[in-house]
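Participant: What follows is each chain in one-letter form.
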Amino acid sequence: MSGGVDSSVAALLLKEEGYTVIGAHMKLWDYVDVGGDIHKDGRCCTIDSITDCRFVCDAIGAPFYVLNLSAEFRETVIENFVSEYRAGRTPNPCVRCNSEVKWDAFLKKADELGCEYIATGHYAFIERGEEGTYRIRKGVDQTRDQSYVLWGVSQDALKRTLMPLGRLLKSEVREIAARHGLRTATKPESREICFVADDDYRRFLSEYEAHRGRSFEPGDIVGEDGSVLGRHNGTAFYTIGQRKGLGVTSPRPLYVQRIDVGSNQVIVGEEDSLYRGELLAERINWTGKKPTADTFDAEVKIRYLHAPARARLVPLTAHSARVIFVEKQRAVTPGQSVVFYDGDVVLGGGLIANIP
Amino acid sequence: MTPIYLDHNATTPVDPEVIEAMLPYLGETFGNASSVHQFGRSAKVALERSREQIAAFINCEPSELTFTSGGTESDNLAVMGIGYANRERRNHLIVGAAEHHAVLESAEFLHHKEGFGLDLLPVDREGFSSTAALEKLVTDRTALVSVMLANNETGAIQDIPALARVAHHRGTLMHTDAVQAVGKVKVDVKELDVDLLSLTAHKIYGPKGIGALFVRQGIRVRPLLYGGSHEKKRRPGTENVAGAVGLAKALEVAGRRMHDDHETLRGLTNYFIDAVLSRIPDTVLNGPRENRLVQTANISFKGVQGEPVILSLDMENIAVASGSACTSGSTEPSHVLTAMGLAPEVALGAIRFSLGRSTTKEKLDHVLSVLGPIIERLRSMSPSRPSRV
Numbered sequence: 001m002s003g004g005v006d007s008s009v010a011a012l013l014l015k016e017e018g019y020t021v022i023g024a025h026m027k028l029w030d031y032v033d034v035g036g037d038i039h040k041d042g043r044c045c046t047i048d049s050i051t052d053c054r055f056v057c058d059a060i061g062a063p064f065y066v067l068n069l070s071a072e073f074r075e076t077v078i079e080n081f082v083s084e085y086r087a088g089r090t091p092n093p094c095v096r097c098n099s100e101v102k103w104d105a106f107l108k109k110a111d112e113l114g115c116e117y118i119a120t121g122h123y124a125f126i127e128r129g130e131e132g133t134y135r136i137r138k139g140v141d142q143t144r145d146q147s148y149v150l151w152g153v154s155q156d157a158l159k160r161t162l163m164p165l166g167r168l169l170k171s172e173v174r175e176i177a178a179r180h181g182l183r184t185a186t187k188p189e190s191r192e193i194c195f196v197a198d199d200d201y202r203r204f205l206s207e208y209e210a211h212r213g214r215s216f217e218p219g220d221i222v223g224e225d226g227s228v229l230g231r232h233n234g235t236a237f238y239t240i241g242q243r244k245g246l247g248v249t250s251p252r253p254l255y256v257q258r259i260d261v262g263s264n265q266v267i268v269g270e271e272d273s274l275y276r277g278e279l280l281a282e283r284i285n286w287t288g289k290k291p292t293a294d295t296f297d298a299e300v301k302i303r304y305l306h307a308p309a310r311a312r313l314v315p316l317t318a319h320s321a322r323v324i325f326v327e328k329q330r331a332v333t334p335g336q337s338v339v340f341y342d343g344d345v346v347l348g349g350g351l352i353a354n355i356p
Numbered sequence: 001m002t003p004i005y006l007d008h009n010a011t012t013p014v015d016p017e018v019i020e021a022m023l024p025y026l027g028e029t030f031g032n033a034s035s036v037h038q039f040g041r042s043a044k045v046a047l048e049r050s051r052e053q054i055a056a057f058i059n060c061e062p063s064e065l066t067f068t069s070g071g072t073e074s075d076n077l078a079v080m081g082i083g084y085a086n087r088e089r090r091n092h093l094i095v096g097a098a099e100h101h102a103v104l105e106s107a108e109f110l111h112h113k114e115g116f117g118l119d120l121l122p123v124d125r126e127g128f129s130s131t132a133a134l135e136k137l138v139t140d141r142t143a144l145v146s147v148m149l150a151n152n153e154t155g156a157i158q159d160i161p162a163l164a165r166v167a168h169h170r171g172t173l174m175h176t177d178a179v180q181a182v183g184k185v186k187v188d189v190k191e192l193d194v195d196l197l198s199l200t201a202h203k204i205y206g207p208k209g210i211g212a213l214f215v216r217q218g219i220r221v222r223p224l225l226y227g228g229s230h231e232k233k234r235r236p237g238t239e240n241v242a243g244a245v246g247l248a249k250a251l252e253v254a255g256r257r258m259h260d261d262h263e264t265l266r267g268l269t270n271y272f273i274d275a276v277l278s279r280i281p282d283t284v285l286n287g288p289r290e291n292r293l294v295q296t297a298n299i300s301f302k303g304v305q306g307e308p309v310i311l312s313l314d315m316e317n318i319a320v321a322s323g324s325a326c327t328s329g330s331t332e333p334s335h336v337l338t339a340m341g342l343a344p345e346v347a348l349g350a351i352r353f354s355l356g357r358s359t360t361k362e363k364l365d366h367v368l369s370v371l372g373p374i375i376e377r378l379r380s381m382s383p384s385r386p387s388r389v
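Here the protein sequences line up with chains A and B, keeping their order.
At position 30 of the first sequence (counting the first as 1) the number is 30 in our numbering, and the numbers step up by one without a gap.
At position 165 of the second sequence (counting the first as 1) the number is 165 in our numbering, and the numbers step up by one without a gap.
With a straight-line cut-off of 25 Å between C-alpha atoms, the simulated SDA-like cross-links for lysine to any residue are:
#1 K27/A <-> G121/A
#2 K108/A <-> E345/B
#3 K27/A <-> H101/B
Keep in mind the hints are simulated off the structure, nothing from the lab.
Bear in mind the structure is a predicted one, so any value in this text is a computation, not a measurement.
Using the sequences and the hints given, assemble the complete structure.
Facilitator: So this is what it looks like as structure tokens:
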């Protein structure tokens, strides 16, 4: 339970369905370590959020425990977040947290307490497909669908996971919370990265690294022909498709096309060059059964808020595939998750590889 | 099944007799004890009567007692109050390695922020400190030695008179945190030979929010709070009269019951320890078997972390703790157990069972019947984690 309305209502619904429910809050990080504005409302991992969880669990009659996973989170998620940016990629920390920290730690805790299932407030469904595999489907509320960040969750974990909010709209969730007098009913929503509460990842990278005595190396911003157009203060502060803050003057708008860590260059160009017809997906996890065809069609999301695009998939190895779009896609960004769908069913997902 | 409470070292319920004694001072006799009118006078009389009763209980003068908000404040006032009052001549402190954080962190504050020298007095495998170790550390510059009378995690009762003798030999003052000991074992400041002593009400069936610090006559203590002449300026703030009455009554009840409670709880705790150690393999008692608070049993279950044991017992309506409640939520092993030389993995597997007046053999038998299977289940869990992508 994060202390928000979603996990509160998830707990409530399961309780009403007759489950024995135990609330747990994962303490993942500390403002002392990640900086930012501690006073901003609705943030996870603060004493206020934990207090909200306590009141909700008290109201629904569930025990509540705080699990401290901050060491694992820092090592596995935050350090990776920083090193990915340093490697010229744009990470999805939620994806990594889900597959490498949350489900693992949560299932372990469930085993310790003798629980059969874990439950979350994600807007998605988990269901048993044919051949006994478990699969993820998009939540009914298309505007909240969180299936994109769940592709890395293993079969073992899905088998024991409940997501009671998949069939609800966010507005219905708030209504249920209000009807039951849960104090989280009107709590503002947070959609940014939890440990970057001010949504300023550049501020986070600078402070976090400065704190550890690590710095960023300035370099050149160059055009596609190699001409030097300006200076950057570290490639980590740039992301594909970025237009603002380049400090480069040009008759037509310029966008970050590529980040070359080797030469410490940020390569910019005009909008047309941002469109790409294909990408290489690596570290793929096939959520349900593994594909057997040499090639097949799917809808593909290449970032959290991306309208799925039609594409043809060509599996290369068990964990990599070529993704060939029907229509070119804007700002294909290495490090981001690429998730494959058949309608509302998640087929699998992976990470977008560096563009050669 | 009604919940079973085995966490009396964290806190205790208020005795009905104590509640009854306090009630008039929450209602009709509500006056401010520092007011001159009849409302104030009645409150003041109750406050001073309580002070006299508490003083008699620990064998000191009423004027040597300062009411505080509890154990933490008493410990802070002792360490910082003595530190600041003596810093010109003596700017060195010695505190036990297994002290409560209220003492440890006060001393560390003076060390880091005010330049005091600080030494931790080591404890042995059972949690006891030796006079020989103290002799090596104490100097003419040492302002204070602070060592707990009875440890909150293990129950180990230190030989305070012997340590006090070493401190006094150098003209150093001796403080003891007697929060866990008062009301459970005889506490006499003259026999203990201490200059300062902390106590609190809520560990002995009194209310939370009231405690006291004994400071021997003639010793200067710089206050932590400013704003009035209450408690002879040593601790300003409108007096907690109902609390003081509750503390005095709690001590009176504890004194009356001390012998019987001691015998009953010694029997029950020993029964419990023997049963756990003989029925559950790979378990160890942390701390001493003798010279300890008889209601405390700190037991490590090897190969198991404390936290899942506590949560699993909580689900079975049984309340226990791992170490001190003041540090719960921390994933670090107990500083008390590590100071005693326990390996971190053994310290992390420690559970503190602290018995009290509500404990019966039937309840302990129920706990024993639940505890064994929980430990077995947790030990049987494969240490490997679910497969990752």
